[in-house]
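Sequence lines, in order, name chains G and V. Read the first sequence against this note's numbering and you will find it ends at 153, with the numbers running on by one and no gaps. Read the second sequence against this note's numbering and you will find it ends at 175, with the numbers running on by one and no gaps.
Honestly, I wouldn't trust all of these hints.
[As the list claims (entries may be wrong)] Mimicking BS3-like on lysine-lysine, the simulated pairs with C-alpha atoms at most 30 Å apart in a straight line are:
| no. | chain 1 | residue 1 | chain 2 | residue 2 |
| --- | --- | --- | --- | --- |
| 1 | V | Lys59 | V | Lys144 |
| 2 | V | Lys36 | V | Lys170 |
| 3 | V | Lys51 | V | Lys145 |
| 4 | V | Lys99 | G | Lys71 |
| 5 | G | Lys63 | V | Lys36 |
| 6 | G | Lys77 | V | Lys36 |
| 7 | G | Lys77 | V | Lys151 |
| 8 | G | Lys63 | V | Lys151 |
| 9 | V | Lys144 | V | Lys170 |
| 10 | V | Lys51 | V | Lys99 |
| 11 | G | Lys72 | V | Lys36 |
| 12 | V | Lys99 | G | Lys72 |
| 13 | G | Lys63 | V | Lys99 |
| 14 | V | Lys170 | V | Lys151 |
| 15 | G | Lys71 | V | Lys36 |
| 16 | V | Lys99 | V | Lys164 |
| 17 | V | Lys99 | V | Lys145 |
| 18 | G | Lys98 | V | Lys23 |
| 19 | G | Lys98 | V | Lys36 |
| 20 | V | Lys151 | V | Lys59 |
| 21 | V | Lys99 | G | Lys77 |
| 22 | V | Lys151 | G | Lys98 |
[To be verified] Stretch by stretch, here's where chain V covers chain G in the computed footprint (C-beta under 8 Å, at least three residues):
| no. | region |
| --- | --- |
| 23 | 43-51 |
| 24 | 58-64 |
Keep in mind the hints are simulated off the structure, nothing from the lab. In this text, a Cβ means the ideal position worked out from N, Cα and C, and glycines have one as well.
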Amino acid sequence: MRKLISLLLMAAAFSVAAGEAPSASADPALEARVQAISEELRCLVCQNQTIADSHAELAIDLKNQVREMLKKGMSNKQVVSFMVERYGDFVLYRPPVKNTTWLLWFGPFLLFAAGLGVLYFKLRRRGDRKIQALSAEDHAAAVKLLNDGKDLS
Amino acid sequence: MRRFILPLGIFFVLIGFLAAGLKLNPREVPSPFIGKPAPAFNLVQLHDEGKTIAPEHLKGQVWLLNVWASWCVSCRQEHPVLIDLSRRGIVPIIGLDYKDEREAGISWLLQHGNPYSISAYDRDGRVGIDYGVYGVPETFVIDKKGVIRMKHTGPLTPESLDNKIIPLVKELQGA
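Could you build the full structure based on these sequences and the hints that come with them?
Pasting the structure below:
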């Protein structure tokens, strides 16, 4: 009897298959736009996530706001600047390239170029140093060490 | 020995950047509204559904807009500071009840005291988004012409009141 019950329970459990969450509006093109814009906006509560990923209440509110604005016919650019007007540049997940963020965007490349430059000059200087020939004594000592003291002659 | 001076110098410069960066608080997102007019709204009052409140009703005086909610723990933390400020009578405080249930908001104020001359009821948080609110509590200082002069994110403290907000309010009131 117990086996039958557990079998029935398992069958019931498998009959529930998780489907994809239904999109909020019936229009998949709109949802795709909402998703695209949401991936460019930062969630200000969970600041390392986009509002597409974040489950914070503010993120959900902002996504709804985006959806509403798109339904009203605003362009992607208008929606994004709406958000920037209210939350500042920080709401853009990718920092804009401005004078103030120039160092942020190009700094790593500058450092890399500087590093390459230092490497180049160091190598050049090392090449200028002359290699001194070993004296006869040093040569014999080296051979001895390499042969581990054994006399191979 | 001398060849270590350059890497050491660079190291200290980097340490300097790190020290400065560690002091920055990413939660304090600067408001793009400083110096700009307070976004208009026309919300129903919390205590009186028949009446509305809008920033233009307050033109001609300096006022504080404090965003709060009954579910917000930090708001409880700053509440005594607000009550104290309201008793001092320096500046009117208008509350914005953000994403709250009306009854919950009203009873919260009954329970903990009401420092607000009027509370606006922002049920869906849209006015909050218009003001760039991303966390509760937040406090805005708005001048006589309706221009936002300062935004304080997080709970108010006696220090921030005495050192930043009250001096600014007094300066704006004198203008």
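Structure-based check of each hint:
1. V:Lys59 / V:Lys144: Holds, at about 5 Å.
2. V:Lys36 / V:Lys170: 19 Å, holds
3. V:Lys51 / V:Lys145: 23 Å, holds
4. V:Lys99 / G:Lys71: Distance of about 23 Å is within 30 Å: holds.
5. G:Lys63 / V:Lys36: Holds, because 25 Å separates the two Cα atoms, which is no more than 30 Å.
6. G:Lys77 / V:Lys36: 22 Å, holds
7. G:Lys77 / V:Lys151: Distance ~27 Å between Lys77 of chain G and Lys151 of chain V Cα, so the pair holds.
8. G:Lys63 / V:Lys151: 24 Å, holds
9. V:Lys144 / V:Lys170: 12 Å, holds
10. V:Lys51 / V:Lys99: 19 Å, holds
11. G:Lys72 / V:Lys36: Measuring from Cα to Cα gives roughly 26 Å; hence the hint holds.
12. V:Lys99 / G:Lys72: 23 Å, holds
13. G:Lys63 / V:Lys99: 16 Å, holds
14. V:Lys170 / V:Lys151: Holds, because 16 Å separates the two Cα atoms, which is no more than 30 Å.
15. G:Lys71 / V:Lys36: Judged against 30 Å, a Cα distance of about 28 Å means the pair holds.
16. V:Lys99 / V:Lys164: 28 Å, holds
17. V:Lys99 / V:Lys145: 28 Å, holds
18. G:Lys98 / V:Lys23: Distance of about 24 Å is within 30 Å: holds.
19. G:Lys98 / V:Lys36: 22 Å, holds
20. V:Lys151 / V:Lys59: 18 Å, holds
21. V:Lys99 / G:Lys77: Given that 30 Å is the threshold and the Cα spacing comes to 28 Å, the pair holds.
22. V:Lys151 / G:Lys98: 24 Å, holds
23. 43-51: Result for this restraint: holds, n = 3.
24. 58-64: holds (count 3)
In the structure shown, no violation is registered for any of the earlier numbered hints.
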